[in-house]
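Asker: Whenever a hint applies, use it, and build me the whole structure from the sequences.
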Amino acid sequence: MGDLRKMIIVALVLIYAALSNQETAEASFGLTHINASYKSNLELVMPSGDISLQDASSGKEAKASSVLTVRANIPWVLWVRGEGNTGGKMQRVNGPATLKDQIRIQQTGSSAYKEITLSDKFKIYCRGLAGEFLIPTDFKQRFSWKDVPSDYKMRISFKLVPD
Amino acid sequence: MMALLLAAISFLAAAVEDRDSTNVYASLPAQIEIQVPSQYENLQLTNCSPSSYGSATSGIEVRSNLNWSLDVAGSTATGHMVGSTGTPLHELHSPMTIRSLNPAGGPVTIPGTDSSPAMLLTNIAPGDYSGSSTISLTFEQFFGWNDYADDDYRLTVTLTAVPT
Chain A
1 MGDLRKMIIV
11 ALVLIYAALS
21 NQETAEASFG
31 LTHINASYKS
41 NLELVMPSGD
51 ISLQDASSGK
61 EAKASSVLTV
71 RANIPWVLWV
81 RGEGNTGGKM
91 QRVNGPATLK
101 DQIRIQQTGS
111 SAYKEITLSD
121 KFKIYCRGLA
131 GEFLIPTDFK
141 QRFSWKDVPS
151 DYKMRISFKL
161 VPD
Chain B
1 MMALLLAAIS
11 FLAAAVEDRD
21 STNVYASLPA
31 QIEIQVPSQY
41 ENLQLTNCSP
51 SSYGSATSGI
61 EVRSNLNWSL
71 DVAGSTATGH
81 MVGSTGTPLH
91 ELHSPMTIRS
101 LNPAGGPVTI
111 PGTDSSPAML
121 LTNIAPGDYS
131 GSSTISLTFE
141 QFFGWNDYAD
151 DDYRLTVTLT
161 AVPT
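Protein chains in written order, with the working numbering: chain A, 1 to 163; chain B, 1 to 164.
For the record, the hints were derived by calculation from the structure and aren't laboratory data. Any given hint could be a false lead.
Label pairs and their calculated CB-CB ranges [unchecked claim]:
1) Glu33(B) / Asp120(A): 53 to 59 Å
2) Asp151(B) / Asn94(A): 58 to 64 Å
3) Asn123(B) / Asn85(A): 31 to 37 Å
4) Asn123(B) / Ser66(A): 38 to 44 Å
5) Glu61(A) / Thr156(B): 33 to 39 Å
6) Glu17(B) / Pro47(A): 17 to 23 Å
7) Ala104(B) / Arg127(A): 53 to 59 Å
8) Ile74(A) / Ile34(B): 55 to 61 Å
9) Glu83(A) / Gln35(B): 17 to 23 Å
Using 25 Å as the maximum straight-line C-alpha spacing, the simulated SDA-like pairs for lysine to any residue come out as follows [said to hold, decoys possible]:
10) Lys63(A) / Thr46(B)
11) Lys146(A) / Thr164(B)
12) Lys140(A) / Arg81(A)
13) Lys153(A) / Gly59(B)
14) Lys114(A) / Thr164(B)
15) Lys114(A) / Arg81(A)
16) Lys60(A) / Ser28(A)
17) Lys63(A) / Asp152(B)
18) Lys153(A) / Thr22(B)
19) Lys146(A) / Tyr25(B)
20) Lys146(A) / Gly59(B)
21) Lys121(A) / Lys39(A)
22) Lys63(A) / Asn35(A)
23) Lys159(A) / Val16(B)
24) Lys159(A) / Phe133(A)
Note that CB positions come from ideal geometry on N, CA and C, so glycine has one too.
Answerer: Okay, structure coming up:
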């Protein structure tokens, strides 16, 4: 009877020890948190150098082509306007006179895009989703017979903003 | 709460906008064009009878982006019409005159190659008569009893638009 009691006590001690060891193993784990801050970004790149409308001629239209690049990681809108408070009209390099008609720009490519007549106020030129976009653009100017023969200039500004 | 506000401000600051601009240049040259519509390239004077005037109407189109004038000159030495028969060739005794309507000009006697061209219109502003509008011209020729009858009197008139 004394041996039986001893055996029972030993068995209970072993069971307790086994259970204690199991609990210690389950508690052994760790966590790591990784964070990133990817800020919204907009980038507008225009080709270097000025744009020259070749073969200007009264009663006809002259055109020059260029490519704008937009890089954005959010939806974007590209606005455009003519500088100089001339109502979107090219101005004589040496004088205040302007051409009769405004300068126009148009996105070119496989789709048909709407033509934008420039003015002093910003107008929406085009818009898009996140990504990198090449925007082929035509700059157009019609010359009237009433336009004085001379050299003309206009500064065109583009503004890229979140949509 | 403060952290959220700062995060929102930071987002707005990063996504503000980007700007760029370009200069566009054009050089418009001085230009002047004159055209005689095909229906007026060969004119036939009507009412050609002794002691009266034969006449024909014509027109020209001028496009110019600077002030211009219109010169006229005849193809013969005197500017008179010359026939096709006779030795020497018959020549009308009276000169031909030309006038224009809208703008009004003339009448001007058509000079020959021995003289300087005559100016029919002077200092017309650019664009005033450009495009599809045609400047009407009238040619008049007096036939006298002393002019020999000839079926083929001719004169070529050169119209020249010149910058002024």
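Asker: For each hint, tell me whether it holds in the structure or not.
Answerer: Here's how the hints hold up against the structure:
1. Glu33(B) / Asp120(A): 53 to 59 Å: 34 Å, violated
2. Asp151(B) / Asn94(A): 58 to 64 Å: 60 Å, holds
3. Asn123(B) / Asn85(A): 31 to 37 Å: 33 Å, holds
4. Asn123(B) / Ser66(A): 38 to 44 Å: At roughly 41 Å between Cβ atoms, Ser66(A) and Asn123(B) fall inside 38 to 44 Å, so the hint holds.
5. Glu61(A) / Thr156(B): 33 to 39 Å: This hint holds: roughly 36 Å between Cβ atoms.
6. Glu17(B) / Pro47(A): 17 to 23 Å: Hint holds: Cβ distance 20 Å, inside 17 to 23 Å.
7. Ala104(B) / Arg127(A): 53 to 59 Å: 57 Å, holds
8. Ile74(A) / Ile34(B): 55 to 61 Å: Roughly 59 Å apart at Cβ, these two residues keep to the hinted range, so it holds.
9. Glu83(A) / Gln35(B): 17 to 23 Å: 39 Å, violated
10. Lys63(A) / Thr46(B): Roughly 49 Å separates the two Cα atoms, so the pair is violated.
11. Lys146(A) / Thr164(B): 15 Å, holds
12. Lys140(A) / Arg81(A): Judged against 25 Å, a Cα distance of about 14 Å means the pair holds.
13. Lys153(A) / Gly59(B): 38 Å, violated
14. Lys114(A) / Thr164(B): Roughly 42 Å separates the two Cα atoms, so the pair is violated.
15. Lys114(A) / Arg81(A): 15 Å, holds
16. Lys60(A) / Ser28(A): 83 Å, violated
17. Lys63(A) / Asp152(B): 51 Å, violated
18. Lys153(A) / Thr22(B): Status holds; Cα separation ~11 Å.
19. Lys146(A) / Tyr25(B): Judged against 25 Å, a Cα distance of about 19 Å means the pair holds.
20. Lys146(A) / Gly59(B): 22 Å, holds
21. Lys121(A) / Lys39(A): 29 Å, violated
22. Lys63(A) / Asn35(A): 50 Å, violated
23. Lys159(A) / Val16(B): 10 Å, holds
24. Lys159(A) / Phe133(A): 15 Å, holds
Violated hints, in rising order: 1, 9, 10, 13, 14, 16, 17, 21, 22; the structure is consistent with all others.
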